[in-house]
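Asker: Here is what each chain is made of, one letter per residue.
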Amino acid sequence: MPPSFMRQAPDTHSVNAGRRACLVLCFLVGFAVLLFRFFDLQVLQADTMTERARRQHEKTVTLDSSRGAIFDRQGRPLALNRDVSSVYATPTAIDRPQRVARQLAQVLGVPRKPLEKRLRTDREFVWVKRKIPDASGERVRGLALPGVDTLLEARRFYPKGTLLAHVLGFAGIDSQGLEGVENGYDKHLRGVVRRVVLHRDALGHVIIPEERQMPQGLSGHAIHLTIDEVIQYIAEQALERAVRDTRARGGAILVMDPSTGEILAWTIRPTFDPNHIQRASPERWRNRAITDPYEPGSTLKVFLSAAALALNHMQPNTLLYAGDGEVPIRGTVIRDHETAGWVTFREAVQQSSNVAFVKISLALGEKPVYRFLRAFGFGEKTGIDLPGESIGILRSPDQWSRRTLPSLAIGQEIAVTPLQLTTAMSAIANQGWLMRPFLVREISDYQGRNVWRQSPRIRRRPIDADTAHTVTDLLVNVVENGTGRRAAIPGYRVAGKTGTAQKVDPETGMYSSTKSIGSFVGFVPAEDPKFTVLVMIDEPQGPAWGGVVAAPVFREVVEQALRYVNVAPSREHRMMTASKQLSDPDGARPN
Amino acid sequence: MKPVLWTVLLVVGLSGVLLVYVWGRVDVVRVGYELDTLAKQKVVLEQEHDRLRIRLSQLLALDRIAAEANKKLKMTRPGPGQVVLVPVRTDNGMLRNGGARPLRVAQHTRD
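Residue numbers (my numbering), protein chains in the order written: chain H, 4 to 594; chain V, 3 to 113.
Just so you know, the hints here were simulated from the structure itself, not pulled from any lab data. Don't be surprised by glycine CBs; every beta carbon is placed ideally from N, CA and C. Just to be clear, a hint being listed does not mean it is correct.
[As the list claims (entries may be wrong)] Some chain H residues near chain V, calculated using beta-carbon distances under 8 Å:
#1 N84
#2 D86
#3 K163
#4 E232
#5 Y236
#6 R333
#7 I337
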């Protein structure tokens, strides 16, 4: 047998080496595959994989901030927040939109068809109804409708209802300020919405918050107003009664601290409840004390008197001839209520003589009158920290007709806002210093730390202290002996002036004989004023004289407010009271 | 024996370090869960606080108190002459009669 056909024993060593090589090759190929996969995952798909891991382990949460609260000057809350339920739906998860819409419409009182239309869309999220009452939220959750759920949202609450409604304003459905302080200070009240990343486990539970602290949304700042809730309540009650009793179209009362410009009360009728804003028309929301100027009538004589005294045209005892009670002016006649004859300047103010003031204004001249009215802040914004303030109407002398100056003498051809008039009267009370009125005295953060404080700001000084004192004496005389007697308060020296202004009939463009505004503006105690108060009654039925419809309201407000802030009557009054008690055994005695 | 001993010690030491590290991580996660639970409780309590605060504020509204005083307690506003002002005694027993000084207000009611 040739050797080539001889069966040879296999070379076991080489076979094993081949197997080993094969195995090594397999491992190498395997490792190469793994290495390639590793490279693919770690390098080529690094971004995608990182993103996928992040989505699995991290949870981004939006932390809504809470809108800051609003307090009065004593820290009593006027606007607060509360979490309430909002109902939303996932239309793609709803099988029977018609049935779901019908059930939701019954519980929530929303129109069924529009709701059904929204539920038939292929969106992932639609609102059904937001910020609903707790009971409705419970009922919705009780229905356990597939694709319908609730979440919590902060809702603004005004616990005092209509109190101070025009100043507070209101916030919208997304907690954005829309009117009043809510609007004017929105950037402070609105907090900061934050998004934070939390780590979670396979079940979705939060493992550990970011930075090992439970993060919070940054709440908005709290606002502390200059308003005092008690004085506000006193003013609201008095105005409500006055408007009801006189069957007036509306009215306003403003109370100011004349030495600082702080607003203590601000009430307007008709009013509205900011908790139910949809029930009131925008006409009612309007803050008419700053948006609606009106002709001030005889209350403007206060500032003409100040001008006449400051320019030494008049002294309290200067004699004036008020004639037989009327003065012809360019085709019209300005009349007095009663024939005055010869009167002193003091008596002219006391009787609010139109004829005397026409003569005084003509003697002063156009430019000085205009200059003083501007100096008292008419025709410009007061600078109050509320949006929407009007400048009123005060044209410059080059736009005046020859009837303008005599008309100004009786408070016509000029329009002022109630706030302008109150601020100007406060300048008389404040020794001639005209202050900038303000409503917010302090802003603090959610932990109560003060972040900003308002300081009283002087605008200018239209008259000096002596002139202011003389005007004050004239105004005290108005209340003690003149048209403002119904504003007198026993024991206190009250300074004030009445005003009755005819309104312009929008249909005829002429002064109406039936529609007028009765007002009274004054301050008390005259020797050290604590309050400047303006009362304005719009279109009262029956007698519309300011001294009849507004002065008693002034007295009602001030009498209670003085007692509330512990301002004592003058010493003479206490002596008078004591002697009255001695002579009147049935009279009141101290307990 | 020596290298074996050193190896064992090294392994035990490393295991101990790893154990401490893992224990710390687990504890942090446990505290994280507790924090999450507490945070949820806090939210619930804050909601209750807000609700009660609003309710308190509504109950303290002056018009409500005035109506309650009028209806339940039959309280009325003092009429003319029913409110009298009395001087305040100072700490040394003297009477104060200053114009703008605080006063006590006393109410005299008739039967």
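Asker: Could you run down the list of hints and mark each one as holding or not?
Answerer: Evaluated hints:
With its C-beta approaching chain V no nearer than about 6 Å, H:N84 sits inside the 8 Å limit, and its interface hint holds. At about 5 Å, the closest approach between the beta carbon of H:D86 and any beta carbon in chain V falls short of 8 Å, and the interface hint on this residue holds. This hint holds: H:K163 has a C-beta 5 Å from the nearest C-beta of chain V, less than the 8 Å allowed. For H:E232, the interface hint holds, the least distance from its beta-carbon to any beta-carbon of chain V being 7 Å, beneath 8 Å.
Checking H:Y236 against chain V by beta carbon gives a least distance of about 4 Å; that is within 8 Å, so the hint holds. The interface hint given for H:R333 is broken, as the beta carbon of that residue sits about 49 Å from the closest beta carbon of chain V, more than 8 Å. At about 40 Å, the closest approach between the beta carbon of H:I337 and any beta carbon in chain V exceeds 8 Å, and the interface hint on this residue is violated.
Hints 6 and 7 from the list above are not met by this structure, while the remaining hints are.
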